[in-house]
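A.B. asks: So the chains spell out like this:
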Amino acid sequence: DAGITQSPRHKVTETGTPVTLRCHQTENHRYMYWYRQDPGHGLRLIHYSYGVKDTDKGEVSDGYSVSRSKTEDFLLTLESATSSQTSVYFCAISAGQGGRDTQYFGPGTRLTVL
Amino acid sequence: KQEVTQIPAALSVPEGENLVLNCSFTDSAIYNLQWFRQDPGKGLTSLLLIQSSQREQTSGRLNASLDKSSGRSTLYIAASQPGDSATYLCAVRVGGGADGLTFGKGTHLIIQP
Numbered sequence: 008d009a010g011i012t013q014s015p016r017h018k019v020t021e022t023g024t025p026v027t028l029r030c031h032q033t034e035n036h037r038y039m040y041w042y043r044q045d046p047g048h049g050l051r052l053i054h055y056s057y058g059v060k061d062t063d064k065g066e067v068s069d070g071y072s073v074s075r076s077k078t079e080d081f082l083l084t085l086e087s088a089t090s091s092q093t094s095v096y097f098c099a100i101s102a103g104q105g106g107r108d109t110q111y112f113g114p115g116t117r118l119t120v121l
Numbered sequence: 159k160q161e162v163t164q165i166p167a168a169l170s171v172p173e174g175e176n177l178v179l180n181c182s183f184t185d186s187a188i189y190n191l192q193w194f195r196q197d198p199g200k201g202l203t204s205l206l207l208i209q210s211s212q213r214e215q216t217s218g219r220l221n222a223s224l225d226k227s228s229g230r231s232t233l234y235i236a237a238s239q240p241g242d243s244a245t246y247l248c249a250v251r252v253g254g255g256a257d258g259l260t261f262g263k264g265t266h267l268i269i270q271p
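These protein sequence lines are chains A and B, in that order. Counting the first sequence from 1 gives a position; our numbering is that position plus 7. Counting the second sequence from 1 gives a position; our numbering is that position plus 158.
By construction, these hints were calculated from the structure, which means they are not laboratory data. Heads up, some of the hints might be wrong.
[As the list claims (entries may be wrong)] Distance condition first, Cα-Cα at most 35 angstroms in a straight line; then the derived DSBU-like pairs of lysine-lysine:
1. A:Lys60 with B:Lys159
2. B:Lys263 with A:Lys60
3. A:Lys18 with B:Lys226
4. A:Lys18 with A:Lys60
5. B:Lys200 with B:Lys263
6. B:Lys200 with A:Lys77
7. B:Lys200 with A:Lys60
8. B:Lys159 with B:Lys263
9. B:Lys263 with A:Lys18
10. A:Lys64 with A:Lys18
11. B:Lys263 with A:Lys77
12. A:Lys77 with A:Lys18
13. A:Lys77 with A:Lys60
14. B:Lys226 with B:Lys159
15. A:Lys77 with B:Lys159
[Said to hold, decoys possible] One-sided excerpt, in silico: chain A residues whose CB lies under 7 angstroms from chain B:
16. Tyr40
17. Leu52
18. Leu85
19. Thr93
20. Pro114
[As the list claims (entries may be wrong)] Looking from chain B toward chain A, a few residues come up when the C-beta cut is under 10 angstroms (computed):
21. Ala168
22. Lys200
23. Ser211
24. Ala249
25. Arg251
Note that the structure is a prediction, hence the values are computed from the model and not measured. A virtual CB, placed ideally from N, CA and C, is assigned to each residue, including glycine.
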């Protein structure tokens with residue numbers, strides 16, 4: 008499982024509240040990712056990080072921000088949650104190199120915004 | 159923009175059959191392709207990775223092929239078992255380094271005992 012944990016695993020919140028999801032890895036991987044999974048859309052990339060304090064936007068970044076102050080932690084923040092952000096959120100890391108770099112995923116966080 | 163399509167969306171077969179899951183992508187300039195398995199309510203488990211220079215990869219009863227020029231990959235499952243029931247996802251990576259994956263919507267597979 009590449010030593011990836013996500014917290015919380017489940018969260019219910021109300022529209023307009025801020026929410027922060029945490030991804031923690033134990034194996035010092037440089038690249039980390041946040042995806043969301045929705046019925047009918049599959050998995051889509053939100054943000055990614057290529058090092059401490061180095062992040063960039065993915066396909067569906069509006070309404071989300073990220074931070075990476077330590078190699079092992081990658082935080083996803085919903086500044087003001089909306090019902091459209093109800094989803095399952097997955098963190099991933101990339102391990103390997105030279106064409107064999109493989110992405111491994113965490114167990115996911117199920118977020119419900121009421 | 160890279161798009162990934164998986165056909166069929168759902169498949170139900172009796173135990174013991176050999177089966178093929180299909181994945182197509184619109185831009186043949188890929189870095190690698192991964193097949194994943196996802197059980198209900200769970201995360202993704204990486205099954206196979208094929209580099210852009212490779213034609214196929216095998217792991218146990220699973221064999222994945224890649225034809226970059228036609229934008230296609232197939233996942234072959236031999237002698238299917240009820241424990242193979244899951245959703246199978248195909249994902250392509252356009253570049254190395256920090257590039258993320260572009261996913262298909264998956265094939266939901268049910269193996270009947």
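A.B. asks: Each hint needs a verdict: does it hold in this structure or not?
C.D. replies: Structure-based check of each hint:
Between A:Lys60 and B:Lys159 the alpha-carbon distance is near 27 angstroms, which keeps this suggested pair within the 35 angstroms criterion. Taken as a hint, the B:Lys263 and A:Lys60 pair is honoured in the structure, with Cα atoms around 32 angstroms apart against an allowance of 35 angstroms. Restraint check for A:Lys18 and B:Lys226: the C-alpha separation of about 41 angstroms exceeds 35 angstroms, so the hint is violated. Taken as a hint, the A:Lys18 and A:Lys60 pair is honoured in the structure, with Cα atoms around 26 angstroms apart against an allowance of 35 angstroms.
Between B:Lys200 and B:Lys263, the direct Cα distance comes to roughly 16 angstroms. Compliance with the 35 angstroms bound is thereby established for this hinted pair. Note on B:Lys200 and A:Lys77: the hinted pairing holds, with a Cα-Cα distance of about 27 angstroms set against a maximum of 35 angstroms. Restraint check for B:Lys200 and A:Lys60: satisfied, since their Cα atoms lie roughly 30 angstroms apart, inside the 35 angstroms limit. Using a Cα cut-off of 35 angstroms, the hinted pair B:Lys159 and B:Lys263 holds, with the two alpha carbons roughly 16 angstroms apart.
Taking the CA atoms of B:Lys263 and A:Lys18, the gap is near 25 angstroms; set against the 35 angstroms cutoff, the hint holds. Among the hinted pairs, A:Lys64 with A:Lys18 is consistent with the structure: their alpha-carbon atoms are about 24 angstroms apart, no more than 35 angstroms. For the proposed pair B:Lys263 and A:Lys77, the alpha carbon gap of about 33 angstroms is at most 35 angstroms, so the pair holds. A threshold of 35 angstroms between alpha carbons decides the hint, and for A:Lys77 with A:Lys18 the separation of about 24 angstroms falls inside it, so the pair holds.
Restraint check for A:Lys77 and A:Lys60: satisfied, since their Cα atoms lie roughly 8 angstroms apart, inside the 35 angstroms limit. Taking the CA atoms of B:Lys226 and B:Lys159, the gap is near 16 angstroms; set against the 35 angstroms cutoff, the hint holds. A threshold of 35 angstroms between alpha carbons decides the hint, and for A:Lys77 with B:Lys159 the separation of about 32 angstroms falls inside it, so the pair holds. At a threshold of 7 angstroms, the smallest CB-CB gap from A:Tyr40 to chain B is about 5 angstroms, leaving the interface hint in force.
Residue-level restraint check for A:Leu52 holds (minimum Cβ-Cβ distance to chain B is 4 angstroms; threshold 7 angstroms). With a least beta-carbon distance of about 19 angstroms to chain B, the hint placing A:Leu85 at the interface is violated under the 7 angstroms criterion. Taken as an interface hint, A:Thr93 does not check out: its beta carbon lies about 16 angstroms from the nearest beta carbon of chain B, beyond 7 angstroms. Hint status for A:Pro114: holds, given a least beta-carbon distance of 5 angstroms to chain B, under 7 angstroms.
With its C-beta approaching chain A no nearer than about 13 angstroms, B:Ala168 sits outside the 10 angstroms limit, and its interface hint is violated. Evaluation of the B:Lys200 hint against chain A yields a held restraint, the C-beta minimum of about 7 angstroms falling below 10 angstroms. Look at B:Ser211: its Cβ gets to within about 7 angstroms of chain A, closer than 10 angstroms, so that hint holds up. With its C-beta approaching chain A no nearer than about 8 angstroms, B:Ala249 sits inside the 10 angstroms limit, and its interface hint holds.
Contact between B:Arg251 and chain A, as hinted, is supported at the beta carbon level, the nearest pair being about 8 angstroms apart and thus within 10 angstroms.
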